[in-house]
Amino acid sequence: MPKTVQERSAKAAKKRQSVAEKELRHKVRPGIEQAMERIRLRGQVPTISEVLQIAIMKMDLMGDDELIEFLRCPRHEIVISENVAREFRNQSLQELKSDPGDEFIYPEIL
Numbered sequence: 349m350p351k352t353v354q355e356r357s358a359k360a361a362k363k364r365q366s367v368a369e370k371e372l373r374h375k376v377r378p379g380i381e382q383a384m385e386r387i388r389l390r391g392q393v394p395t396i397s398e399v400l401q402i403a404i405m406k407m408d409l410m411g412d413d414e415l416i417e418f419l420r421c422p423r424h425e426i427v428i429s430e431n432v433a434r435e436f437r438n439q440s441l442q443e444l445k446s447d448p449g450d451e452f453i454y455p456e457i458l
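Sequential numbering of the sequence shown, starting at 349, is according to my numbering.
Be careful, since some hints might not be right.
Per label pair, the in silico range of CB-to-CB distance [said to hold, decoys possible]: (1) MET407 with LYS370: 12 to 20 Å; (2) GLN382 with GLN439: 39 to 47 Å; (3) GLN439 with ARG386: 31 to 39 Å; (4) LEU415 with ARG356: 45 to 53 Å; (5) SER429 with GLU369: 31 to 39 Å; (6) GLU381 with LEU415: 18 to 26 Å; (7) ASP447 with VAL376: 47 to 55 Å; (8) GLU371 with LEU409: 32 to 40 Å; (9) VAL427 with ILE404: 45 to 53 Å; (10) SER429 with LYS375: 19 to 27 Å; (11) ARG386 with GLU425: 38 to 46 Å; (12) ARG356 with MET405: 53 to 61 Å; (13) GLU414 with ALA361: 46 to 54 Å; (14) VAL376 with ASP408: 19 to 27 Å.
Computed cross-link-like contacts, BS3-like style, restricted to lysine-lysine with a CA-CA straight-line distance of at most 30 Å [as the list claims (entries may be wrong)]: (15) LYS445 with LYS406; (16) LYS362 with LYS351; (17) LYS375 with LYS359; (18) LYS406 with LYS351; (19) LYS363 with LYS406; (20) LYS363 with LYS375; (21) LYS375 with LYS351; (22) LYS359 with LYS370; (23) LYS370 with LYS351; (24) LYS351 with LYS363; (25) LYS362 with LYS375.
Honestly, the hints are just simulated from the structure, not real lab data. This structure is a prediction, so every number in the text was calculated from the model and none was measured. Every residue, glycine too, gets a C-beta built ideally from N, C-alpha and C.
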């Protein structure tokens, strides 16, 4: 006789408890979800949760320096062009002329 839904659920719950399985939840924005889906498809992995488990296991095998570099979030470098700096300075000086009570200090050029 086939097992009922309750019997299958109870068996699955008992198995999860015996291996100390925990459910983790993580909220992500659409861009991250799309990236995870692309990774899943490229890696031919059936589920996103399996992709995450594999990634965590592989990161755990990395050396400290390698892991730090891997987890470093790319930052945008802000570069102000000479034209923008000049225009900003000129407009700042123009503002100071219209309100002479303010004082200003020229920045040191490195």
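These are the hints, each one checked on the structure:
Evaluation of the 12 to 20 Å hint for MET407 and LYS370 yields a pass: the beta carbon distance comes to about 18 Å. Between GLN382 and GLN439 the C-beta distance comes to about 41 Å, which sits within the given range of 39 to 47 Å. Distance hint check: the CB atoms of GLN439 and ARG386 are about 45 Å apart, inconsistent with the given range 31 to 39 Å. Checked against the given bound of 45 to 53 Å, the beta carbons of LEU415 and ARG356, roughly 40 Å apart, lie outside it.
The given range of 31 to 39 Å is broken by SER429 and GLU369, whose C-beta atoms sit roughly 55 Å from each other. Distance hint check: the CB atoms of GLU381 and LEU415 are about 24 Å apart, consistent with the given range 18 to 26 Å. The hinted window of 47 to 55 Å between ASP447 and VAL376 holds, with their beta carbons roughly 48 Å apart. Checked against the hint of 32 to 40 Å, the C-beta distance between GLU371 and LEU409 comes to roughly 24 Å, which is inconsistent with it.
The hint said 45 to 53 Å for the Cβ distance between VAL427 and ILE404, and at roughly 36 Å that hint is violated. Checking the proposed 19 to 27 Å range against SER429 and LYS375 shows it is violated: the Cβ atoms sit about 39 Å from each other. Judged by the Cβ atoms, the range 38 to 46 Å given for ARG386 and GLU425 is violated: they are separated by roughly 26 Å. For ARG356 and MET405, the hinted distance range of 53 to 61 Å is not satisfied, since their beta carbons lie about 29 Å from each other.
Range check, GLU414 to ALA361: about 38 Å between beta-carbon atoms, so the 46 to 54 Å window is missed. Take VAL376 and ASP408: their Cβ atoms lie about 21 Å apart, and the range 19 to 27 Å holds. Restraint check for LYS445 and LYS406: not satisfied, since their Cα atoms lie roughly 61 Å apart, outside the 30 Å limit. Restraint check: the Cα-Cα separation between LYS362 and LYS351 comes to about 15 Å, which is no more than 30 Å; the hinted pair holds.
Restraint check for LYS375 and LYS359: the C-alpha separation of about 29 Å stays at or below 30 Å, so the hint holds. This hinted pair does not check out: LYS406 and LYS351 have alpha carbons roughly 38 Å apart, beyond 30 Å. Under the criterion of a C-alpha separation no larger than 30 Å, the hint pairing LYS363 with LYS406 is consistent with the structure, at around 25 Å. Taking the CA atoms of LYS363 and LYS375, the gap is about 26 Å. The hint holds against a cut of 30 Å.
Taking the CA atoms of LYS375 and LYS351, the gap is near 35 Å; set against the 30 Å cutoff, the hint is violated. Restraint check for LYS359 and LYS370: satisfied, since their Cα atoms lie roughly 16 Å apart, inside the 30 Å limit. With a CA separation close to 25 Å, the supplied pair LYS370 and LYS351 stays within the 30 Å bound. Taking the CA atoms of LYS351 and LYS363, the gap is near 16 Å; set against the 30 Å cutoff, the hint holds.
Among the hinted pairs, LYS362 with LYS375 is consistent with the structure: their alpha-carbon atoms are about 27 Å apart, no more than 30 Å.
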